[in-house]
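**Q** The primary structure of each chain is shown beneath.
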Amino acid sequence: DAKTTQPPSMDCAEGRAANLPCNHSTISGNEYVYWYRQIHSQGPQYIIHGLKNNETNEMASLIITEDRKSSTLILPHATLRDTAVYYCILPYTGGFKTIFGAGTRLFVKA
Amino acid sequence: ETGVTQSPTHLIKTRGQQVTLRCSSQSGHNTVSWYQQALGQGPQFIFQYYREEENGRGNFPPRFSGLQFPNYSSELNVNALELDDSALYLCASSGTGATNEKLFFGSGTQLSVL
Numbered sequence: 001d002a003k004t005t006q007p008p009s010m011d012c013a014e015g016r017a018a019n020l021p022c023n024h025s026t027i028s029g030n031e032y033v034y035w036y037r038q039i040h041s042q043g044p045q046y047i048i049h050g051l052k053n054n055e056t057n058e059m060a061s062l063i064i065t066e067d068r069k070s071s072t073l074i075l076p077h078a079t080l081r082d083t084a085v086y087y088c089i090l091p092y093t094g095g096f097k098t099i100f101g102a103g104t105r106l107f108v109k110a
Numbered sequence: 001e002t003g004v005t006q007s008p009t010h011l012i013k014t015r016g017q018q019v020t021l022r023c024s025s026q027s028g029h030n031t032v033s034w035y036q037q038a039l040g041q042g043p044q045f046i047f048q049y050y051r052e053e054e055n056g057r058g059n060f061p062p063r064f065s066g067l068q069f070p071n072y073s074s075e076l077n078v079n080a081l082e083l084d085d086s087a088l089y090l091c092a093s094s095g096t097g098a099t100n101e102k103l104f105f106g107s108g109t110q111l112s113v114l
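Order-wise, the sequence lines are chains A and B.
All letters in the first sequence, in the order written, are residues 1 to 110 by my numbering.
All letters in the second sequence, in the order written, are residues 1 to 114 by my numbering.
In isolation and in its complexed conformation, chain B is listed as follows (with noise of 0.2 angstroms):
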């Protein structure tokens, strides 16, 4: 048990509609990291909240976009969504944003498009 938690905990979306996802971080962090795995493969980073800022992004388009509010929860908005959303999304919460930290896992959001 992390103390990181997501919702929902599975969503059905079709194709070119808007879906958000939230996260709640672990008590006492405030960093956030979103991360999408796709079948079979390990979790590709999205992009890392730190301080309510985005602190830095991976390789995807700008319809992914984020959130960070004043208690450190995360907001994960895709729009225009495609097939190739389909995956498992996955926010980690961390304390302070640096390289050499743990990161706290949620069990994810199950997110499928049709």
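Excised from the complex, chain A in its bound form (with noise of 0.2 angstroms):
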């Protein structure tokens, strides 16, 4: 079901950037690209999402390309506390239910 496709792990030095890629190829026009991270036994969090615009919140910065077949969730300056299983979805790809992939887990080290 899922429409997305990210790399199975990254690494990350603690106080660089993190760079997650996110292909959605197949994106259609009206549905929106949601990123949400999910630290170890807990429940998955929303970070951001976005539609045509680069979006920037108080956790991170999405930039999506002009032809919105990927996108990129940037974690400014990582911290260990950063490490977790980020998720990249497109809500509207289920309709009423947001389908998730098995996403990037981002290790970030000291």
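Among these hints, one or two may not hold up.
In silico DSSO-like links for lysine-lysine, alpha-carbon gap of 30 angstroms or less [said to hold, decoys possible]: (1) K69/A <-> K3/A; (2) K102/B <-> K52/A; (3) K102/B <-> K69/A; (4) K69/A <-> K52/A; (5) K52/A <-> K3/A; (6) K3/A <-> K102/B.
Reference excerpt, derived from the structure (chain B facing chain A, CB under 10 angstroms, subset only) [said to hold, decoys possible]: (7) Q6; (8) I12; (9) S33; (10) G40; (11) P43; (12) F45; (13) R57; (14) F69; (15) C91; (16) S94; (17) E101; (18) F105; (19) S107.
I should point out that these hints are in silico values taken from the structure, not numbers from a laboratory.
Cβ coordinates follow ideal geometry from the N, Cα and C atoms, glycine included.
Could you use the hints to bring the two separately framed chains together as a complex?
**A** Below, the structure written as structure tokens:
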């Protein structure tokens, strides 16, 4: 069901920017891109979402390519507490349901 | 802190038993979605309840059933438990059940079936 593709894992040094890519080549015009993260043994937490324009909030920035076929979540200064699984999701794909793929496991190292 | 609470946090059952998991949605939210998350996998959608009615269902057998109450809290019931039902069960609430809405998740119930 998932229409997004993410690398299974990534490493990042503490204090550096973490750039997590997501491919969604079959995205349709009215589908938003959402990002959630899940820290071990907790429920997923909403991070950010966008449609066409780049977005920024207190947690992260979201860069969406002009053709909307891919996006990048940026954590500008990663900390050890950012170690988690990050999910890129297109909620409209499932209509009423939000489908999660396997996500990217980000390891932030000291 | 999302305001979504789930109980119990951990549960151990034996094969063939029945279990009920509970979820209190965030204040002001009328939609609850349930997910099953096996170890090392992403959450799998079970079903969604909107204003006390089932609003959609994933690929789960009928022994997975649910209920939503007038205060929008919800229960997930699983009958005839199987070993593969061992998982983290997550509840998420949202405002109206529309597609482009943020989901607010609880911390989950860890179910172990022996």
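**Q** Let's test the interface hint: is any C-beta of chain A closer than 10 angstroms to that of F105/B?
**A** With a minimum Cβ separation of about 3 angstroms from chain A (threshold 10 angstroms), the hint on F105/B holds.
**Q** Against chain A, is P43/B within 10 angstroms by beta-carbon distance?
**A** holds, 5 angstroms
**Q** Hint check: is the beta carbon of Q6/B less than 10 angstroms from a beta carbon of chain A?
**A** holds, 8 angstroms
**Q** What's the verdict on K3/A and K102/B, does the C-alpha distance respect the 30 angstroms limit or exceed it?
**A** Judged against 30 angstroms, a Cα distance of about 18 angstroms means the pair holds.
**Q** Is the hint on S107/B kept, meaning its closest Cβ partner in chain A is under 10 angstroms away?
**A** S107/B check passes; min Cβ-Cβ to chain A is 5 angstroms, inside 10 angstroms.
**Q** Below or equal to 30 angstroms on CA atoms is what counts here, so check K69/A against K3/A.
**A** Measuring from Cα to Cα gives roughly 11 angstroms; hence the hint holds.
**Q** Taking 10 angstroms as the limit, does the beta-carbon of C91/B come near enough to a beta-carbon in chain A?
**A** holds, 8 angstroms
**Q** Are the Cα positions of K102/B and K69/A separated by 30 angstroms at most?
**A** holds, 21 angstroms
**Q** Quick check on F69/B please, does its C-beta sit within 10 angstroms of some C-beta on chain A?
**A** violated, 20 angstroms
**Q** Is the hint on G40/B kept, meaning its closest Cβ partner in chain A is under 10 angstroms away?
**A** Cβ of G40/B sits 8 angstroms from chain A, so the hint holds.
**Q** Would the hint on E101/B be counted as holding, given a Cβ-Cβ threshold of 10 angstroms to chain A?
**A** holds, 8 angstroms
**Q** Given the proposed pairing of K69/A with K52/A, does the C-alpha separation stay at or below 30 angstroms?
**A** holds, 11 angstroms
Going down the numbered hints, you'll see the structure goes against 8 and 14, while the others check out.
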